[in-house]
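Protein chains: 4
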Amino acid sequence: MEYQQLIERIFLETKSFAGKGKVASYIPALERISPDKYGISLINLQQDLFGVGDTAIPFSIQSISKVFTFTIAYSQLGAEIWKRIGREPSGTAFNSLVQLEYEHGIPRNPFINAGSIVVADILISLFPDPKQKLLEFVRTLAGDQNIYFNEDIALSEKETGHRNYALAHFMKSFGNIHNPVEKVLDFYFHQCSLELCTNALAKSFLFLANEGINPQNEEQIITSSQAKRLKALMLTSGLYNESGDFAFKVGMPAKSGVGGGIVAVIPNLLSIVTWSPPLNSMGNSVVGIEALERFTTYTGKSIF
Amino acid sequence: MEYQQLIERIFLETKSFAGKGKVASYIPALERISPDKYGISLINLQQDLFGVGDTAIPFSIQSISKVFTFTIAYSQLGAEIWKRIGREPSGTAFNSLVQLEYEHGIPRNPFINAGSIVVADILISLFPDPKQKLLEFVRTLAGDQNIYFNEDIALSEKETGHRNYALAHFMKSFGNIHNPVEKVLDFYFHQCSLELCTNALAKSFLFLANEGINPQNEEQIITSSQAKRLKALMLTSGLYNESGDFAFKVGMPAKSGVGGGIVAVIPNLLSIVTWSPPLNSMGNSVVGIEALERFTTYTGKSIF
Amino acid sequence: MEYQQLIERIFLETKSFAGKGKVASYIPALERISPDKYGISLINLQQDLFGVGDTAIPFSIQSISKVFTFTIAYSQLGAEIWKRIGREPSGTAFNSLVQLEYEHGIPRNPFINAGSIVVADILISLFPDPKQKLLEFVRTLAGDQNIYFNEDIALSEKETGHRNYALAHFMKSFGNIHNPVEKVLDFYFHQCSLELCTNALAKSFLFLANEGINPQNEEQIITSSQAKRLKALMLTSGLYNESGDFAFKVGMPAKSGVGGGIVAVIPNLLSIVTWSPPLNSMGNSVVGIEALERFTTYTGKSIF
Amino acid sequence: MEYQQLIERIFLETKSFAGKGKVASYIPALERISPDKYGISLINLQQDLFGVGDTAIPFSIQSISKVFTFTIAYSQLGAEIWKRIGREPSGTAFNSLVQLEYEHGIPRNPFINAGSIVVADILISLFPDPKQKLLEFVRTLAGDQNIYFNEDIALSEKETGHRNYALAHFMKSFGNIHNPVEKVLDFYFHQCSLELCTNALAKSFLFLANEGINPQNEEQIITSSQAKRLKALMLTSGLYNESGDFAFKVGMPAKSGVGGGIVAVIPNLLSIVTWSPPLNSMGNSVVGIEALERFTTYTGKSIF
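Chains as they are written, first to last, in our numbering: chain A, 1 to 304; chain B, 1 to 304; chain C, 1 to 304; chain D, 1 to 304.
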């Protein structure tokens, strides 16, 4: 099969780029991961799964979880959600707090930390046990009942998460956090600690390439229109401050995490995941960006 | 033909939205335009042209010209151009000058004023007669030798363009403008004054939907890869600070101008142009956004 | 005595200005204070005390307490303190958090909230019981053993203090808060809740007019040079974002609080306190500013 | 006389600090000045003049001229001037243009470039020949008819003054510059090129120490109240972004220039000028700050 050959070729060509990045070190549990881990998984709409390398080792998906929590909240609130979160790119890192100050506590989009903390607050208001809800949601999408939070990582995040506390308290001062900050961040730190392997992650994002429908059970997770919109947000805001550059070079809606994962989709075609822990200065996987750029170059397939 | 019926339907449905906007009034020549002008043109890769309303009246394309000048510069310099201009969304209006200050005179992308002024500076360095070069370039793409600058508008822009002077001098203080400011802005104000009708504009953007090739003469304007990248930039930065929202609601790479025009493309499919002068608070055509949103909704076609 | 006549005249002339302001309402305990309370106390180096109006009613001194805590920290650390706090005016309100972000968690001066929270952190590191230390310090200066924290106000501050939590966590993310945020803010909210009457407050600032020496017991609180420097800081930063304007109109080193108090000194001459709760949009007492401006105008005495 | 001995002692002690700074190099005419030039002049209210070193060599006073032009404008417009310029410290360098953007073209105070450009605009509107008016004003204050602009320096400033052009155009876009930018900047660059020796400069600032009255001819230049206010502005904003620090360490209202001059006054006592070209990173004379700090330390005289 050509996808298998293609990702194997890309795997070999890009592996050595790992040396150019640095594994996230702000918490010990992430720092311990070997920089040499590398996996690519790809799944098409027919649910043919292709993989190369470390595709069955669960890793910390970190910010990729923001797509899961936002999907749940969006499916529940619909357009109401835009009263509390924007949908514009966030500009640069330098104005993370600046922007919140000027825009009165409304985060720019759901994929920056501030935005995802508001989403966490929404889920806490909506569900009696939001952690359980999230686990079930992700397990169903991934077709894998063995997905868990990593409590060590959640705890480490909490202990070093002063900036997230600052964001949450700051938004609370504007009235945009409704639940107690401790509770909101407890959930937020847990969502970030979710662990999935690249195979499971590829499966769990396939609904986005499939007009919002989980192809395993034909369940409509979000409407086709919502799925398009969510992909537009991923394109403009999914890779932190490198989003514009990634759209430019790769041209796929995607979301990255500091655990080294990147998940991307091509509408009506496929979902692809890379995992390689070393990060560039923007917090994105060096190898992952290199691999995905080659993927769209070699296939000639991107959204543009 | 279905495209014809579709745009006629959209035309009728959206026409009345003009009342919600305001025609640009910072220069008299723009202010005089009737708010009731409205045209839609669509052209597919087979060069079938569809139109409804005021499709043959040349109007001031303003910022849409930024795509033309950037295309010329990009075709000449290739990736070298990124030494002088970024390719990230610009964040909000509030930091137009702020951003330049923090980023030492490198504008965030080629579609904000500062970025396009740098492009103008590049063209002046590259061509002995950059105005003539631009006219020829646009005339060939549009297949129309009767495209001109509007000298009245160019002059008015100059007289009221204090903020553009500020931007140009500021970038010059960082060494990112190489030619005299007067000369650079004279070219810049002229490019903004270009007048095309929606038919001509739709034709002139078709190369972007066609992998960089002008379908009229098979000339490769920019490489396929460059065309993809340019469309990515249009998606993240083409509608001023409403770009993220437009990507979200409409899902097409596009560029707008304060003359009331919006041009959008669907890769490998078509180019579509709307013109209706009344603008929303972001400086984009109210009717145009409404029409294009319906277009992607009714056809189910967008890049996502 | 002429000071007595003078402050009585000013009292009568300025009383009615109270109608132009609004009592602080972010916590109930402050909102309950009658807007008609008004007192002026003045004490000279010879310790002659003059007063008019409500001079014996303890009120919430709020930010005025920042001078007390800073004085203690400065007397202990000397110039070392400038490693953790700046001594430049803070610019405008708009960049409270912005500024911290650009300057990596170092607050601009000890009289903005962020700066005083760092001072609180310092006192917690220095003293086993910093609250007791502060009470004793203020009681000795004021010559009044009946000075207390208002626990109701401290609690209210805590419950509504999300922005201060944001500041503290944000600085902690830069390593500029050494103790647990809860502990630091507990102290900070208590210091703000200190209650003194205008008479006691006037006495307690006399050391600043007296080269750092408490005239009651000849104790050198801080060196003469430190006292000069502290007054310079009060002049450039003592009235929030109205500091420049106050220096301009009044010309005395001063510190205000949202409880409606303002304390000002003229070096080698006197200390003067006004208390009137209604605040202007900058958070300073309307009547107080009016009264102090008249004081320097009528006496011709200011530092300029 | 003790002042003579004192400044001689300070001269000897501080001379070697010149090695720690760098002469301004953005224009050739300034760069050519020997870093070893050093003069101190002091004049008291009785007009006894004391001096040491290079006190009779005219040097480029640069931003010190902002006090002269503001004094003229203030004497003409009175409080009306505050409609177009603020009187708060400007915060940090980083927000020079930022601040103008947020505050809609109103510069923060008359001693930052933007503020002084507005003052230049005011003088152009008020006087048929503002350059001549300025020369006469300074000549009378200094008691020296041989004070001129340095046309070479004015021309160099113009050629490299892109940032000032940016400021002027930007303010014009907000309507806060009434005359043509070229004309305003021509005057502004000339005022900066004024050359005075330290003796002349000391004399010319004596009116500020003397309640607004020129002691040579008893002319009231500005009212006593205006003189106090102007000194307050100098204290909070006279040394660029080092103003707070200078107030803190030295405690005198002062104004510096990138030519290496600093002039300071003690109300009702004296005016003192230092000139030593090497600058610190803030653009202020290294030796001058050192000398003035010693002056207030040794005499125990400051405004605090």
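Hints may contain errors.
Any copy will do: because identical chains look the same in the list, a pair fits if it lies in one copy or spans two.
As the list claims (entries may be wrong) - Here are the simulated DSSO-like pairs of lysine-lysine, each with C-alpha atoms no more than 30 Å apart in a straight line: (1) 158 - 15; (2) 133 - 20; (3) 131 - 15; (4) 301 - 83; (5) 15 - 249; (6) 131 - 20.
Just so you know, these hints were derived from the structure itself, not from any lab.
Going through the hints against the structure:
1. With identical chains, the CA atoms of residue 158 and residue 15 are never at most 30 Å apart, being 33 Å at best within one copy and 52 Å at best between copies.
2. Within a single copy, residue 133 and residue 20 get their C-alpha atoms no closer than 38 Å, and across copies no closer than 43 Å, so neither meets the 30 Å cut-off.
3. In this assembly of identical chains, residue 131 and residue 15 lie within 30 Å of each other by CA distance neither inside one copy nor across copies; the values are 35 Å within and 48 Å between.
4. In the homo-oligomer, the alpha carbons of residue 301 and residue 83 lie at most 30 Å apart only across protomers (27 Å), although the nearest pairing inside one protomer, at 35 Å, exceeds that limit.
5. Taking the closest pair of Cα atoms, residue 15 and residue 249 come within 30 Å of each other only inside a single copy of the chain (19 Å); across copies the shortest separation is 38 Å, beyond that limit.
6. Neither within a single protomer nor between protomers do residue 131 and residue 20 lie at most 30 Å apart by alpha-carbon distance, with minima of 36 Å and 44 Å respectively.
Hints 1, 2, 3, 6, counting from the list given before, are not met by this structure.
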